[in-house]
Every structure is written in C-alpha cells, then in structure tokens.
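*Asks:* Sequence:
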Amino acid sequence: MRSIYLKELRSFFSSLIGYLVIGVFLLFVGLFMWVFNDTSILDYRYASMDSLFSIAPLLFMLIIPALTMRTFAEEKQKGTLEFLFTKPLKDYQIVLAKYFASFTLVLLALLPTIIYYYSIYQLGFPKGNIDGGAVVGSYIGLCCLSLVFIAIGIFASCITSNQISAFILGAFLCFIFYLSFSYLSSLSIFFGSLDHLVEKIGLEYHYQSISRGKIEFRDLFYFLSLASFFVWLSLVAISKRKWS
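The sequence shown begins at 614 in the numbering used here and counts up one residue at a time.
A portion of the hints provided could be inaccurate.
Unchecked claim - Taking lysine-lysine pairs in the DSSO-like style, the calculated list, with each CA pair at most 30 Å apart, reads: (1) Lys-827 <-> Lys-813; (2) Lys-703 <-> Lys-853; (3) Lys-700 <-> Lys-620; (4) Lys-813 <-> Lys-700; (5) Lys-691 <-> Lys-620; (6) Lys-689 <-> Lys-700; (7) Lys-691 <-> Lys-703; (8) Lys-691 <-> Lys-853; (9) Lys-853 <-> Lys-689; (10) Lys-620 <-> Lys-689; (11) Lys-620 <-> Lys-853; (12) Lys-689 <-> Lys-703; (13) Lys-827 <-> Lys-740; (14) Lys-620 <-> Lys-703.
Said to hold, decoys possible - Using C-beta positions, here's what the derived DEER-type ranges look like: (15) Val-749 <-> Gly-643: 16 to 22 Å; (16) Ser-628 <-> Cys-756: 37 to 43 Å; (17) Asp-744 <-> Lys-620: 26 to 32 Å; (18) Ser-616 <-> Val-749: 32 to 38 Å; (19) Leu-640 <-> Phe-788: 19 to 25 Å; (20) Leu-810 <-> Arg-623: 42 to 48 Å; (21) Ser-841 <-> Phe-649: 35 to 41 Å; (22) Ile-828 <-> Ile-728: 22 to 28 Å; (23) Lys-740 <-> Lys-827: 24 to 30 Å; (24) Cys-756 <-> Lys-813: 18 to 24 Å; (25) Phe-626 <-> Val-648: 25 to 31 Å; (26) Ser-624 <-> Val-648: 18 to 24 Å; (27) Ile-728 <-> Ser-799: 33 to 39 Å.
Simulated from the structure, these hints should not be mistaken for lab results. The C-beta atom is built at its ideal place from N, Cα and C for all residues, glycine as well.
Given only the sequences and the hints, what does the whole structure look like? Please build it.
*Replies:* Now the structure itself:
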C-alpha cells in the first residue's frame, strides 16, 4: 500500500499535474482575496478569510476531479490495472493508497494559504484582530469537503475508462452534492421543516456549520460517512472489473 501511495505522489510531481493543481488553486484564491474588488480583503477592510473559504469549495469542485480523473481511468487506458491486481494487495489497499495520495496533494495546496492568514493577522487593527476559531473550523471544513470530493472523483474514475469522462462525471457529482440541495430547498414545493431537511442533505450546509468554528460530531460523521460510501462504491466497481 505504501509503495502505491508513494508511486502516486511521484507521478503527480513527475508530470505537471501536481504543480498545476497547487498553482491554479493558489492563483485563483490569491486573486479573489487580494485583487478582485468585490472580494478583496483590502477593500473589505475587515480582518477575515471569508473570501478564501467561500471560493475554495467551488475551486475544489473542478480541481479535485481533475486531480482524481487519472487514478484508475489512466490505469485502464495503459492496461496496468490488471498488473496492480497481481500484487499481494487487497482491493481496498489499492483504492486507499490512491485516495490518501490525492488527499496529500490537496493538503499541500492548502498549506501555503497559511501565509494569507499570517498576512491578515499582521494587517489587522489591532494586530491579531481575526477570528482564529472560525479560521481553524473553516480549514477543517475544507479538509472534510476534500475527503468527500476525492472519494467522488475516484469513484468516477473507477467506472469510466476515459479521463475526460471521469472529470466531467466527478465534477457533476461534486456539484450535485454540494450545491443542488440548497437550491432544491428554496423551491416552493418544500414547506415547513422540509426545506431545512432537504438542505441538510447537501455538503454546503455541513461545511458552513463547521466554518463557524463550532465543530460538531454530526457534521464530521456526515462527511466521513459520505466519503466512506463513495470509497465503498469504488471498491465494488474495482471488484466487478477484477472478476470480469
């Protein structure tokens, strides 16, 4: 399992994929935080990282499927997936090795944004006038969100043989689970407490809940359960291909 994990990391950084993921993410986050007038903290005049934590999930919906689209689809195209099956590894070890390698890359993309926090901390008046609890909660929320998006992306890569198809399907499923339920809850067909129940099905509700700095077990359980569900679906898809 460790060898596949390291192999995946090496493949990310031996090509442009790893650098593109980190570079594109930091570029867009930096533009939204410091350059664009509507979201720039310099114009907002309030020590907050809300612009980062509001744009990051939208970027993740595109960047993470682009990152995971090659995990199994490329193996199928190159004909190396069958070679993986011959190794003394369980199916879940193969899937989890690729899963954690993708998550490591996402963490590496998030790590440089700590510089933004330090800059805002120094620019605050008085210095340090920033809600540290909300920032920590938002980072935890982004990590939980990435766990789900990676699981969805790997599942999409498992059931397709084309990387572009895996990207489109992964991005579509990420959009469905993150944004669609909040839109559905606003429809007039849902009334009373139904609109709130529909909204709670979506990822956005639980991400916003954690981002307030109040980390509750139900939110963590939701993220881990949904991520585990898509990892299980990936295992089912891999097992069917293995035995076929």
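*Asks:* Take the hints in turn and mark each one as holding or not.
*Replies:* Hints and how they fare:
Between Lys-827 and Lys-813 the alpha-carbon distance is near 16 Å, which keeps this suggested pair within the 30 Å criterion. Taking the CA atoms of Lys-703 and Lys-853, the gap is near 14 Å; set against the 30 Å cutoff, the hint holds. Restraint check: the Cα-Cα separation between Lys-700 and Lys-620 comes to about 14 Å, which is no more than 30 Å; the hinted pair holds. In summary, the hint linking Lys-813 to Lys-700 is not supported, as the alpha carbons are separated by about 42 Å, beyond the 30 Å threshold.
Only pairs whose Cα atoms come within 30 Å are accepted, and Lys-691 paired with Lys-620 is accepted, the gap being roughly 16 Å. Taking the CA atoms of Lys-689 and Lys-700, the gap is near 16 Å; set against the 30 Å cutoff, the hint holds. Under the criterion of a C-alpha separation no larger than 30 Å, the hint pairing Lys-691 with Lys-703 is consistent with the structure, at around 21 Å. At roughly 19 Å between alpha-carbon atoms, Lys-691 and Lys-853 fall within 30 Å of each other, so this suggested pair holds.
For the suggested pair Lys-853 and Lys-689, the alpha carbons sit about 14 Å apart, so the restraint of at most 30 Å is met. Among the hinted pairs, Lys-620 with Lys-689 is consistent with the structure: their alpha-carbon atoms are about 17 Å apart, no more than 30 Å. Straight-line distance between C-alpha atoms of Lys-620 and Lys-853 comes to about 24 Å, which keeps the hinted pair within the 30 Å bound. A C-alpha spacing of about 18 Å is found between Lys-689 and Lys-703, which places the hinted pair at or below 30 Å, so the restraint holds.
Taking the CA atoms of Lys-827 and Lys-740, the gap is about 24 Å. The hint holds against a cut of 30 Å. A C-alpha spacing of about 17 Å is found between Lys-620 and Lys-703, which places the hinted pair at or below 30 Å, so the restraint holds. Separated by about 21 Å at the C-beta atoms, Val-749 and Gly-643 satisfy the suggested range of 16 to 22 Å. A beta carbon spacing of about 25 Å between Ser-628 and Cys-756 contradicts the range 37 to 43 Å that was offered as a hint.
Range check, Asp-744 to Lys-620: about 41 Å between beta-carbon atoms, so the 26 to 32 Å window is missed. Under the hint 32 to 38 Å, the C-beta atoms of Ser-616 and Val-749, about 34 Å apart, fit the expected range. In this structure, Leu-640 and Phe-788 meet the distance hint of 19 to 25 Å, their C-beta atoms being roughly 22 Å apart. Judged by the Cβ atoms, the range 42 to 48 Å given for Leu-810 and Arg-623 holds: they are separated by roughly 45 Å.
For Ser-841 and Phe-649, the hinted distance range of 35 to 41 Å is satisfied, since their beta carbons lie about 37 Å from each other. Restraint check, Ile-828 to Ile-728: a C-beta distance of roughly 24 Å satisfies the suggested window 22 to 28 Å. In this structure, Lys-740 and Lys-827 meet the distance hint of 24 to 30 Å, their C-beta atoms being roughly 26 Å apart. Separation of Cys-756 from Lys-813 is about 20 Å and conforms to the stated range, judged on CB atoms against 18 to 24 Å.
Take Phe-626 and Val-648: their Cβ atoms lie about 28 Å apart, and the range 25 to 31 Å holds. Range check, Ser-624 to Val-648: Cβ separation about 33 Å, and the 18 to 24 Å hint is violated. In this structure the hint that Ile-728 and Ser-799 lie 33 to 39 Å apart at CB holds, the actual value being about 37 Å.
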